[in-house]
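So the sequences go chain by chain: A and F. Anchor point for the first sequence: position 96 equals 96 in the numbering used here, and the numbering is continuous, going up by one each time. Anchor point for the second sequence: position 84 equals 84 in the numbering used here, and the numbering is continuous, going up by one each time.
Hints are computed from structural coordinates only; laboratory data are not their basis. Warning: the hint list may mix true and false statements.
What follows is a list of derived Cβ distance ranges for each label pair [said to hold, decoys possible]: (1) F:Thr76 / A:Asp17: 26 to 34 Å; (2) A:Thr114 / F:Asn50: 32 to 40 Å; (3) F:Thr76 / A:Ala29: 31 to 39 Å; (4) F:Phe74 / A:Ser12: 25 to 33 Å; (5) F:Arg9 / A:Thr10: 38 to 46 Å.
Only a predicted model underlies this, so the values are computations on that prediction, with no experimental measurement involved. Cβ coordinates follow ideal geometry from the N, Cα and C atoms, glycine included.
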Amino acid sequence: GESVGLHLPTLSVQEGDNSIINCAYSNSASDYFIWYKQESGKGPQFIIDIRSNMDKRQGQRVTVLLNKTVKHLSLQIAATQPGDSAVYFCAENRLKTSSGSARQLTFGSGTQLTVLP
Amino acid sequence: DAGVIQSPRHEVTEMGQEVTLRCKPISGHDYLFWYRQTMMRGLELLIYFNNNVPIDDSGMPEDRFSAKMPNASFSTLKIQPSEPRDSAVYFCASSLDSSNQPQHFGDGTRLSIL
Numbered sequence: 001g002e003s004v005g006l007h008l009p010t011l012s013v014q015e016g017d018n019s020i021i022n023c024a025y026s027n028s029a030s031d032y033f034i035w036y037k038q039e040s041g042k043g044p045q046f047i048i049d050i051r052s053n054m055d056k057r058q059g060q061r062v063t064v065l066l067n068k069t070v071k072h073l074s075l076q077i078a079a080t081q082p083g084d085s086a087v088y089f090c091a092e093n094r095l096k097t098s099s100g101s102a103r104q105l106t107f108g109s110g111t112q113l114t115v116l117p
Numbered sequence: 001d002a003g004v005i006q007s008p009r010h011e012v013t014e015m016g017q018e019v020t021l022r023c024k025p026i027s028g029h030d031y032l033f034w035y036r037q038t039m040m041r042g043l044e045l046l047i048y049f050n051n052n053v054p055i056d057d058s059g060m061p062e063d064r065f066s067a068k069m070p071n072a073s074f075s076t077l078k079i080q081p082s083e084p085r086d087s088a089v090y091f092c093a094s095s096l097d098s099s100n101q102p103q104h105f106g107d108g109t110r111l112s113i114l
């Protein structure tokens, strides 16, 4: 079936290095994508989003890249800090064809990012 | 600004008991979502509302689960009777719209059914 998935379940980086977290999606009809950060004991926190009419979007220390040709999404974190340690989820927003015009946010399984001192 | 507020943060109860989880969305958000998160299945959408009306409840696992939104600032998710397999973290989220705005999550209710 269609799914949003992640290439790697865990990622360890040295403090100060850049991090790249990848995500693959399979539904070409998806038109809106979101990255979330989830720390232990907390809910997913919005980081950055991107619409399908864009291929790159930048925020504060974060950049999201969207490659629609290969259905790939990535989150780049510059100068990774200890506070960046968390699970990162990508999510795709698409029409749920079985429910008329209802849209559904489908989450990937998450990548655990660990920042090493 | 206040985010999505959920209560209780933790709930431990015996199987067979009724459980009620509560959510206050961000003011002005027209959409409210209930999710369940487990290690095995990740984040799953249970149900969502638009302007207090349930739009899609296909993710609700069984008839033991029900959700209501009596007004724009309050929603409940009820499990009756509860079972051990319902143990999970339940999140509520809200958004301005369903297609081009991010959902903002509360910190969840960690539910343990003994």
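Evaluated hints:
no. : hint                           : verdict
1   : F:Thr76 / A:Asp17: 26 to 34 Å  : violated, 45 Å
2   : A:Thr114 / F:Asn50: 32 to 40 Å : holds, 39 Å
3   : F:Thr76 / A:Ala29: 31 to 39 Å  : holds, 33 Å
4   : F:Phe74 / A:Ser12: 25 to 33 Å  : violated, 42 Å
5   : F:Arg9 / A:Thr10: 38 to 46 Å   : violated, 27 Å
Violation of the numbered hints given earlier is confined to hints 1, 4, 5; the remaining hints are satisfied by the structure.
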